[in-house]
Structures are given as structure tokens and as C-alpha cells.
Amino acid sequence: MSNIPGFTEKEILADALEAQKSATALYNLIANECATKELKDTMVNLLNDEHNLQYGVFTSMHNRGFYPTPAAEQQKVDQAKQTFAPQAHCNC
352 MSNIPGFTEK
362 EILADALEAQ
372 KSATALYNLI
382 ANECATKELK
392 DTMVNLLNDE
402 HNLQYGVFTS
412 MHNRGFYPTP
422 AAEQQKVDQA
432 KQTFAPQAHC
442 NC
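Heads up, the sequence shown is in our numbering, so the first residue is 352 and it goes up one at a time.
Be aware that one or more of the hints could be misleading.
[Said to hold, decoys possible] Simulated restraints on C-beta separations: (1) Leu397 - Phe435: 23 to 33 Å; (2) Leu397 - Gln425: 32 to 42 Å; (3) Leu397 - Thr420: 24 to 34 Å; (4) His402 - Asp429: 35 to 45 Å; (5) Gly416 - Val395: 18 to 28 Å; (6) Thr387 - Lys432: 33 to 43 Å; (7) Gln438 - Arg415: 32 to 42 Å; (8) Ala386 - Asp429: 38 to 48 Å.
None of these hints come from the bench; they were simulated from the model.
Note that CB positions come from ideal geometry on N, CA and C, so glycine has one too.
Throw the hints in and build the complete structure from the sequences for me.
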């Protein structure tokens, strides 16, 4: 990774990750507001591309130890399942 004076590798990657998170949020908002299927499909494809870029930055950070992801405690996993399972069954 190129050196940018005054910034560490971790800071550069953290900034890139935040930028990607913002980009995905904006593309999602835009996709929700599209008036035509063709435009919506285009925005969803761009959103997917942005998610892939975000995952690449996240993976780089994680592999360098800049973004640790500890395993979830089983009790918390079970609690989340109980909390969100009713919402997963939509009677739309």
C-alpha cells in the first residue's frame, strides 16, 4: 500500500472502509427510489459491486489485524435468533 504522509496504513484502510459503507448506503437508498425496473436493476448491480469492494477492504483490514472479529457467544446468537425469527416470516 502506498505511503501517504501523516497517515498509517490502518487509517487509510479505515477511511476506505467508511467510504464504502457510505457508498453502499447511498446506492441502497437510490435503488429504493427508482421509478423503473431497468434503473432499479442497474442500481442494485452497482450496489452489489460496492458491497464487493467493501468486503475487499474489510478483508484486507481483518487479515492485517486492523479489524478483529471475535466469535459471538452462543447465548447471544440464540437471543438474536429468538428476537429476529418472527420478523423473518412475512405474511405479505
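Taking the hints in turn, this is what the structure says about them:
1. Look at leucine 397 against phenylalanine 435: about 28 Å separates their beta carbons, and that is inside 23 to 33 Å.
2. As the Cβ distance of leucine 397 to glutamine 425 is approximately 37 Å, the hint placing it in 32 to 42 Å holds.
3. Hint check: leucine 397 to threonine 420, Cβ distance near 27 Å, so the stated range 24 to 34 Å holds.
4. Take histidine 402 and aspartate 429: their Cβ atoms lie about 28 Å apart, and the range 35 to 45 Å is violated.
5. Taking the beta carbon of each, glycine 416 and valine 395 are about 33 Å apart, not inside 18 to 28 Å as hinted.
6. Distance hint check for threonine 387 and lysine 432: the Cβ-Cβ separation is about 38 Å, which falls inside the suggested range of 33 to 43 Å.
7. At about 35 Å, the CB distance of glutamine 438 to arginine 415 agrees with the hint of 32 to 42 Å.
8. For the hinted restraint 38 to 48 Å between alanine 386 and aspartate 429, the CB-CB distance of approximately 42 Å keeps it satisfied.
The earlier numbered hints that this structure contradicts are 4, 5.
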